[in-house]
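**Q** Model the full structure from these sequences, guided by the hints.
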Amino acid sequence: MNGRAANVAGGALLDPWVIASMAILFINDHIFKHIQPSWVTGKLSDFAGLVFFPLLLQGCAEVVQKVLFGVHVPSRKVLLVCVGLTGMIFSVTELSAWGAEAYVRALDWGLGTPHRTWADPTDLLALPMLFVSYRLGRRRLMLLGRATLDAKQEPDGPSFYKAAPK
Numbered sequence: 001m002n003g004r005a006a007n008v009a010g011g012a013l014l015d016p017w018v019i020a021s022m023a024i025l026f027i028n029d030h031i032f033k034h035i036q037p038s039w040v041t042g043k044l045s046d047f048a049g050l051v052f053f054p055l056l057l058q059g060c061a062e063v064v065q066k067v068l069f070g071v072h073v074p075s076r077k078v079l080l081v082c083v084g085l086t087g088m089i090f091s092v093t094e095l096s097a098w099g100a101e102a103y104v105r106a107l108d109w110g111l112g113t114p115h116r117t118w119a120d121p122t123d124l125l126a127l128p129m130l131f132v133s134y135r136l137g138r139r140r141l142m143l144l145g146r147a148t149l150d151a152k153q154e155p156d157g158p159s160f161y162k163a164a165p166k
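Residues 1 to 166, numbered by this note's numbering, are exactly what the sequence shown covers, in order.
Please keep in mind that the hints were generated in silico from the structure rather than gathered at the bench. Treat each hint with caution, since some may be false.
As the list claims (entries may be wrong) - Computed cross-link-like contacts, DSS-like style, restricted to lysine-lysine with a CA-CA straight-line distance of at most 30 Å:
1. 77 x 43
2. 66 x 77
3. 33 x 43
**A** Below, the structure is given as structure tokens:
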């Protein structure tokens, strides 16, 4: 990810690893699960979803911030809240029947199509992927920190906005 991509609202979603996890989730849910549903395809969706979903929440927060205030400021606190919220909702969904039912109702309402799921405590094996999501988001924040430092040091602005030498 370069500085320009990192500096847009929701820029974490442009990371190649995040794009790969979204592609894996899409292909798995719409192709593999229909061809050969199994324990593996179920876990693959959980692993891929926990990589990108916190960054999707963070991106939504940044877009709302940009719309309401005209500027977005990527924040470690927002990233941590999004990772924590994802982990809590995922855990409740996987540990209780009422959590799974609430999740399905929210999906049905939000997406307008029927869904199904059930509580499966073995899905909690995917929770360490939240650390991967946090590290990807943190990497973006570090990149932006260096870009800000470059902007302060260079009178013409950040180096990633400059044209490449000919």
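**Q** Next step is simple, just say for each hint if it's right about the structure.
**A** Hint-by-hint comparison with the structure:
A hinted pair counts as satisfied when its Cα atoms are at most 30 Å apart, and residue 77 with residue 43 qualifies at roughly 28 Å. Of the pairs offered as hints, the one joining residue 66 and residue 77 holds, with about 17 Å between alpha carbons and a cut-off of 30 Å not exceeded. Of the supplied pair hints, the one linking residue 33 and residue 43 holds, its CA atoms being roughly 11 Å apart against a limit of 30 Å.
When the structure is compared with the earlier hints, no violation turns up for any of them.
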